[in-house]
Amino acid sequence: MGKNWWKILGVLLVSYSIVGGFLIPVPELPILNETIRNTYFHIPMWFAMMALLSYSLFHSIKFLSGFDLQYDTKADQSVQVALVLGVFGLLTGMVWAQFTWGSFWTNDVKLNGTAISMLTYLAYIILRGSIEDENRKAKVAAVYNIFAWVMMILFIMIIPRMNDSLHPGNGGNPAFGSYDMDSTMRIVFYPAVIGWILIGAWITNIKIRIKNIDDIQKYA
Amino acid sequence: MHKKISFFLTTLLVLLVNALSAQGVDMATGMRSEGKIYVVVVVVLIIFIGLAIYLFSLDKKLDKLEKNNPK
Chain V
1 MGKNWWKILG
11 VLLVSYSIVG
21 GFLIPVPELP
31 ILNETIRNTY
41 FHIPMWFAMM
51 ALLSYSLFHS
61 IKFLSGFDLQ
71 YDTKADQSVQ
81 VALVLGVFGL
91 LTGMVWAQFT
101 WGSFWTNDVK
111 LNGTAISMLT
121 YLAYIILRGS
131 IEDENRKAKV
141 AAVYNIFAWV
151 MMILFIMIIP
161 RMNDSLHPGN
171 GGNPAFGSYD
181 MDSTMRIVFY
191 PAVIGWILIG
201 AWITNIKIRI
211 KNIDDIQKYA
Chain H
1001 MHKKISFFLT
1011 TLLVLLVNAL
1021 SAQGVDMATG
1031 MRSEGKIYVV
1041 VVVVLIIFIG
1051 LAIYLFSLDK
1061 KLDKLEKNNP
1071 K
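Chains V and H, in that order, give the protein sequences.
The first sequence begins at 1 in the numbering used here and counts up one residue at a time.
The second sequence begins at 1001 in the numbering used here and counts up one residue at a time.
Simulated from the structure, these hints should not be mistaken for lab results.
Ideal Cβ placement from N, Cα and C applies to all residues, glycine included.
Fair warning: there could be bad hints in the mix.
Footprint (simulated), chain V over chain H, 3 or more residues, beta carbon under 8 Å [what the hints assert, rightly or not]:
1) 1040–1047
2) 1054–1064
Computed Cβ-Cβ distance ranges for the label pairs, DEER-style [as the list claims (entries may be wrong)]:
3) V:I24 - H:V1043: 16 to 22 Å
4) V:A220 - H:G1035: 54 to 60 Å
5) H:G1035 - V:M162: 41 to 47 Å
6) H:I1049 - V:A123: 35 to 41 Å
Full structure from sequences and hints, please.
Okay, here's the thing in structure tokens:
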């Protein structure tokens, strides 16, 4: 157990959010109806993605101050897991949008911004694949990662707030204000976010360790 | 160890389902109440906890690999 406590905590928090997310009463709003419960599952995907991308940025900066390749591995693997979570976020969002906004893809600023920032990170992976030398690859990727993170914050957090968007929290209205979420929703929503961040971190941890063993065998 | 845990979990689940469903002919009890939403909750939970157990077993396998491939 000991060092695995945070993995168990992640499983427990997400399990709690599944039970609570289905059973605890939610505000009765027109159009949204029961789909408001998607808040507990769709939005944590994005929070976990952004947490992992920030974790990746942190390790890219750490790599640039010392050029230790183990930090590059951490940055690379967390971007990969973050993109998987982002794809889940997009797919769940598309289903939700179809039944509330009437279309799988609307020209919402937040949707397009998210798509652009995911493409920015896809370019990060392609960029890595195009450079042979491990040290050069790591250096170029780390610098690019800083750029990509800033673009992600711009496109997901800032530009949607300056324009009209269908998403809550954009075009002026507060995302987590009393209008969109009441206090009973918070007791499920925040544990769900923390739980999914922990699950994302766990999968990243497994991927980093696989890569490390792979490297040991490659250079042995 | 693993077998013991899965045996324990299976027993628990069987007992739980029995307790929730075998309450006479009353249709609106336990797993059958609230439009059977509890059934959906249990299904989703089984999938999620199953995935978590799978992740744990991958984690254990990696522990072994790491022991065999010291840095």
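Do the hints match the structure? See the list:
no.: 1; hint: 1040–1047; in the structure: holds (count 4)
no.: 2; hint: 1054–1064; in the structure: holds (count 5)
no.: 3; hint: V:I24 - H:V1043: 16 to 22 Å; in the structure: holds (18 Å)
no.: 4; hint: V:A220 - H:G1035: 54 to 60 Å; in the structure: holds (59 Å)
no.: 5; hint: H:G1035 - V:M162: 41 to 47 Å; in the structure: holds (43 Å)
no.: 6; hint: H:I1049 - V:A123: 35 to 41 Å; in the structure: holds (37 Å)
Checked against the numbered hints given earlier, the structure satisfies every one of them.
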